[in-house]
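Residue numbers (my numbering), protein chains in the order written: chain A, 1 to 156; chain B, 1 to 285.
To be clear, the hints were calculated from the coordinates, so they are not data collected in a lab.
Keep in mind that the hints are not guaranteed to be accurate.
[Unchecked claim] Per label pair, the in silico range of CB-to-CB distance:
1) B:213 x A:15: 18 to 24 Å
2) A:68 x B:90: 57 to 63 Å
3) A:35 x B:198: 36 to 42 Å
4) B:90 x A:46: 52 to 58 Å
5) B:172 x A:15: 19 to 25 Å
6) B:213 x A:35: 37 to 43 Å
7) B:17 x A:15: 24 to 30 Å
8) B:172 x A:28: 57 to 63 Å
9) B:208 x A:49: 55 to 61 Å
10) B:134 x A:35: 31 to 37 Å
Quick reminder that beta carbons are idealized off the backbone N, C-alpha and C, glycines included.
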Amino acid sequence: MNLNATLFAQLVVFFILAWFTMKFVWPPIMKALDERAAKVAEGLAAADKAKTDLQLAERRATEELRKAREAANELRGGAERQAAQVLDEARAEAARIIAAARAAAEGEAEAAAQRAKEALRDQVAQLAVAGAERILRKEIDPAKHAELLDQLKAEL
Amino acid sequence: MATEHAPNASEYIVHHLTHWKSATQTSLVDWSVFHLDTLFYSITLGLLAVFLLARAARKATSGVPGRFQAAVEILVEMVADQAKGIVHSPESRKFVAPLALTVFVWIFLMNAMDLLPLDLLPNLWAAIYGAAGHDPHHAYMRVVPTADLNATLGMSLAVLLICLYYNVKIKGLGHWVHELFTAPFGAHPLLWPVNFAMQLIEFVAKTVSHGMRLFGNMYAGELIFMLIALMGAAWAGTFGSGLLWLGGVIAGSIWAIFHILIITLQAFIFMMLTLVYVGQAHESH
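The following block holds chain A by itself, in its conformation from the complex (with noise of 0.2 Å):
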């Protein structure tokens, strides 16, 4: 329990070591605590940035969802509006031919019917002439007579 110079020592030594300590230990232990420190909060930051930019993204991707819905419904719905309109057209098209074949088959019917007219009109006033020949045995001049038998023909 004396005092004596082990004080003085102790004095010094508790200086040495202090400074030791702020020279050598402080220094690099407070580094890496601050920069851990900055590390985690920067970490931590990101983590958050990437939980709004997953928002973000998830909302963008609904929505892109939505609009290729919407844009594929529409074009279903245009392909059927135009395989409507092109099964109509095609059947009017094909309603028309029917209709101008129909109408060219008449027509050439007709026009048939009319030449077979022509000729049994021809036939029937040579028949008529040639029977009336031989009915009056006596020769009848086509020259004659061809005022008579065109009335004749236009009769038939």
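Once you've looked at the hints, dock chain B against the given chain A.
Chain B only, in chain A's frame:
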């Protein structure tokens, strides 16, 4: 211990309370004498402390810390937080905070010497001393440096010097001297001596109590370990002495466990008071 005759209780304790000195000390105060054991253990433990801290500091990375680094970091953060709360000047903290860390770790290690078996190092020393051709009865060794008033007062004096330094640095010499004579009672010339006396008393009381508190706690703790050891040493083959031996084991365990708290607490208190005193040196009255 001696083979011819076992020391009685008082001899045992006196032997344990005697320092290994560079010379015999006759007066209460003798500045020519060193306590070699105190110096040896405090310097060794001080070097161990800064070595451990420096090792952690050298490997310190901002990545994932290992267990050792994490432990040191917890300690450093604790000290840094305390320093931040008490010393408000960041410039001063650059020195004061590491100082507080050193104080805490160093004093903790010195206090922890109390937990070693009481006779382990002294007996080893006696064996070495005897082997070197000296009388092993005079191989004195006290292993707890903080149970030496010189060590604790040395440290508290160092803290006082730091306080004086910051008083001058922060307030300026003139302002500080002015404060010495005008605080706490007032600037009236008649009050100057009273003020100055009060300031002196404050500084002395702070410093002495700072050192004495640690010393008293560790000295008392050491003494109780000795008494418990004596109790255990009463073993003589009889039933009664067997009970005493058992009591020694139980009391020793309890006291050692309790002492874990004390050594940490005292190291912490010394550190906190260091910070508080330095903090006070920054504040004007």
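query = Broken hints, numbered, in rising order?
reply = 3, 4, 8, 10
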